[in-house]
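Starting from the known structure of chain H, fit chain F onto it as the hints suggest.
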Amino acid sequence: MSSVFRAIADPTRREVLALLRERPMSAGELADRFSVSKPTMSAHFTVLREAGLIDATKNGKSIIYRLRMSVLEEALMGLAQTVGLDLGASAAERKEETP
Amino acid sequence: MTRSRNALAAAVIAVALVEAFAIALFLLVPEKREYWLIAGLTMPILWAGAELMKRNRDSLRVAVAYAATIMAVCEGFAIARAMGWIAPDNEAFALRFLGIACGLVIVFMGNVAPKNAACVDPASPHAGRTQALQRYSGWVLFLVGLANTLIWILAPIKQAALLSMVPVALGLGLIAIRIASFRSVRSN
Numbered sequence: 000m001s002s003v004f005r006a007i008a009d010p011t012r013r014e015v016l017a018l019l020r021e022r023p024m025s026a027g028e029l030a031d032r033f034s035v036s037k038p039t040m041s042a043h044f045t046v047l048r049e050a051g052l053i054d055a056t057k058n059g060k061s062i063i064y065r066l067r068m069s070v071l072e073e074a075l076m077g078l079a080q081t082v083g084l085d086l087g088a089s090a091a092e093r094k095e096e097t098p
Numbered sequence: 000m001t002r003s004r005n006a007l008a009a010a011v012i013a014v015a016l017v018e019a020f021a022i023a024l025f026l027l028v029p030e031k032r033e034y035w036l037i038a039g040l041t042m043p044i045l046w047a048g049a050e051l052m053k054r055n056r057d058s059l060r061v062a063v064a065y066a067a068t069i070m071a072v073c074e075g076f077a078i079a080r081a082m083g084w085i086a087p088d089n090e091a092f093a094l095r096f097l098g099i100a101c102g103l104v105i106v107f108m109g110n111v112a113p114k115n116a117a118c119v120d121p122a123s124p125h126a127g128r129t130q131a132l133q134r135y136s137g138w139v140l141f142l143v144g145l146a147n148t149l150i151w152i153l154a155p156i157k158q159a160a161l162l163s164m165v166p167v168a169l170g171l172g173l174i175a176i177r178i179a180s181f182r183s184v185r186s187n
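Line by line, the protein sequences are chains H and F.
All residue numbers for the first sequence refer to numbering that gives the first Met the number 0, where the first residue is 0 and numbers rise by one.
All residue numbers for the second sequence refer to numbering that gives the first Met the number 0, where the first residue is 0 and numbers rise by one.
This is chain H alone, in the form it adopts within the complex:
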């Protein structure tokens, strides 16, 4: 359970989860939406996978990630997102703001 808390405590990881709520996405597709480096993104994916919140499947050369959140985990993430709103802009927003 602590691994789940650790995973959803980070705003970038929460945003990855929010993106995966729409549909499964490849690692590249997800990484393109953030301004952080690929190794950092990879570390975020590892944390999420170890917490059991996402699942990785190899599809040819790319890795496809899909959401694996229970109802309670999703509710917990929603709560973390609400509480964490004042932490500042999210990674994707920061990227959008960068000229």
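FYI, nobody ran anything at the bench for these hints, they're computed from the structure.
Beta carbons are placed, not taken as given, at the ideal position from N, Cα and C, and that holds for glycine.
Don't take each hint at face value.
[Stated by the list, open to error] Non-contacting residues of chain H with respect to chain F, defined by C-beta distances greater than 12 Å in every case (computed):
1) Ser-1
2) Ala-8
3) Leu-19
4) Ala-30
5) Met-40
6) Ile-62
7) Gln-80
[Unchecked claim] Listed next, the in silico BS3-like pairs over lysine-lysine satisfying Cα-Cα at most 27 Å (straight line):
8) F:Lys-157 with F:Lys-31
9) F:Lys-31 with H:Lys-57
10) H:Lys-37 with H:Lys-60
11) H:Lys-60 with F:Lys-114
12) H:Lys-57 with H:Lys-37
For chain F alone, coordinates are given in the frame of chain H:
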């Protein structure tokens, strides 16, 4: 592999419990033998039939495990009553307990439903919609289970059985509508 084994083990244990309880009830309450016979035969026949269809066996076995758990809880209640472990004046309390237990099984079932990765093929063009349907079903079942549990806790015992069916029927109706709309979009 481990997930498949766990699903199979859970289904086998739950169905074995249903069968053991059905046999016990067959002997303990002979005047209702036809009920226990139906209870004992339903799960294995349905499970075997579904296995022959060879569609997504892992999720099927998980579903069998949940259904059999609810059945085993109900049979356990009948055994306790037949053995005289539940005094007649405690029957209302025992019935309430049984209702709460069934509600909590639905809550648990709904909670883990979106985690079942076998339902979503990430390479499929409908992966997003399938995942959304899975999440929706999980949330509906979770809320249905909570409502069901609350009704069994708070409602007068005479009305609880009938009232508890309202959220279940409503929830199943909502899921059925969503599945129907998903299928119509998929076939277009």
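To see whether the hints hold, each was checked on the structure:
1. Ser-1: With a cut-off of 12 Å, Ser-1 (chain H) remains clear of chain F, as the shortest Cβ separation is near 18 Å.
2. Ala-8: holds, 20 Å
3. Leu-19: violated, 8 Å
4. Ala-30: Holds, because the least Cβ-Cβ distance between Ala-30 (chain H) and chain F comes to about 17 Å, which exceeds 12 Å.
5. Met-40: holds, 18 Å
6. Ile-62: violated, 10 Å
7. Gln-80: holds, 16 Å
8. F:Lys-157 with F:Lys-31: Holds: Lys-157 (chain F) and Lys-31 (chain F) sit about 23 Å apart, inside 27 Å.
9. F:Lys-31 with H:Lys-57: violated, 54 Å
10. H:Lys-37 with H:Lys-60: holds, 16 Å
11. H:Lys-60 with F:Lys-114: holds, 25 Å
12. H:Lys-57 with H:Lys-37: holds, 18 Å
Hint compliance for this structure: hints 3, 6 and 9 are not met, and every other hint is.
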